[in-house]
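Peer 1: Can you build the whole structure from these sequences, using the hints too?
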Amino acid sequence: AAAKCTYGTGAFLLAQTGPAPLRAASGLVSCVAWRLGGRVAHCLDGQVYTVASAVRWLTDLGVIAGAGELDAVGGTVPDGGGVTFVPAFAGLAAPWWRGDVRGSLTGLGLDTGPGHLVRALCEGIAAQVVELASAAAADRGAPLTSLRADGGLTRSALLMQTQADLLQRPVEVSALPDAT
Numbered sequence: 012a013a014a015k016c017t018y019g020t021g022a023f024l025l026a027q028t029g030p031a032p033l034r035a036a037s038g039l040v041s042c043v044a045w046r047l048g049g050r051v052a053h054c055l056d057g058q059v060y061t062v063a064s065a066v067r068w069l070t071d072l073g074v075i076a077g078a079g080e081l082d083a084v085g086g087t088v089p090d091g092g093g094v095t096f097v098p099a100f101a102g103l104a105a106p107w108w109r110g111d112v113r114g115s116l117t118g119l120g121l122d123t124g125p126g127h128l129v130r131a132l133c134e135g136i137a138a139q140v141v142e143l144a145s146a147a148a149a150d151r152g153a154p155l156t157s158l159r160a161d162g163g164l165t166r167s168a169l170l171m172q173t174q175a176d177l178l179q180r181p182v183e184v185s186a187l188p189d190a191t
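When the sequence shown is numbered by my numbering, its final residue is 191 and no position is left out of the sequence of numbers.
Hints in this document: simulated from the structure, not taken from any laboratory.
We put the CB at the ideal spot given by N, CA and C, even for glycine.
Heads up, a few of these hints could be off.
Pairwise CB distance ranges (calculated) [as the list claims (entries may be wrong)]:
| id | residue 1 | residue 2 | range |
| --- | --- | --- | --- |
| 1 | 51 | 71 | 38 to 44 Å |
| 2 | 72 | 32 | 39 to 45 Å |
| 3 | 112 | 156 | 26 to 32 Å |
| 4 | 120 | 49 | 57 to 63 Å |
| 5 | 90 | 41 | 35 to 41 Å |
| 6 | 115 | 50 | 43 to 49 Å |
| 7 | 72 | 102 | 18 to 24 Å |
| 8 | 64 | 108 | 16 to 22 Å |
| 9 | 152 | 117 | 31 to 37 Å |
Peer 2: Now the structure itself:
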């Protein structure tokens with residue numbers, strides 16, 4: 012089964028569960044996906060609070076000029092260089108629900124550069140989405156087969172490839188990223 016994730020100010024994963032609501036043991040939220048012609052479809056909803064807002068933080072620090080530079084700057088290095096970035100500037104949403112947690116940036120060295128920070132951010136975002144996808148798969152009792160993605164940050168090939176690599180599943184990026 013596929014799920015859909017919107018990458019915008021935050022990241023929001025929706026995974027269909029069928030005509031009846033599913034009680035999520037994982038901490039995801041069960042909600043109505045749509046109602047059409049008297050039929051109702053439900054889904055599980057999981058959130059990452061800070062995604063584009065974390066990119067904005069790197070921009071405000073002068074690491075990048077904006078989201079359009081994620082690929083160029085991140086492409087200057089082969090990996091995150093041991094840097095770990097947890098973009099929890101507004102706390103951790105599903106499945107943890109920890110509003111008291113804040114972001115962290117660890118593994119910095121004298122050789123850490125902007126490319127490492129960008130890659131670590133992409134890895135941190137992707138890792139949180141993987142947690143949501145894993146929770147949805149556990150609640151639905153079926154593994155995720157693919158992820159459909161939309162939202163402004165899907166324009167970053169680096170973020171989308173990082174997502175596919177960490178998820179170990181294909182990511183199908185919408186041709187209309189702003190049509191969420």
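Peer 1: The structure should be examined with respect to each hint, and the outcome stated for every one.
Peer 2: Results for each hint:
no. : hint                   : in the structure
1   : 51 to 71: 38 to 44 Å   : holds, 43 Å
2   : 72 to 32: 39 to 45 Å   : holds, 42 Å
3   : 112 to 156: 26 to 32 Å : holds, 31 Å
4   : 120 to 49: 57 to 63 Å  : holds, 60 Å
5   : 90 to 41: 35 to 41 Å   : holds, 37 Å
6   : 115 to 50: 43 to 49 Å  : holds, 44 Å
7   : 72 to 102: 18 to 24 Å  : holds, 21 Å
8   : 64 to 108: 16 to 22 Å  : holds, 19 Å
9   : 152 to 117: 31 to 37 Å : holds, 35 Å
Figure legend: structure checked against the earlier numbered hints; every hint is met.
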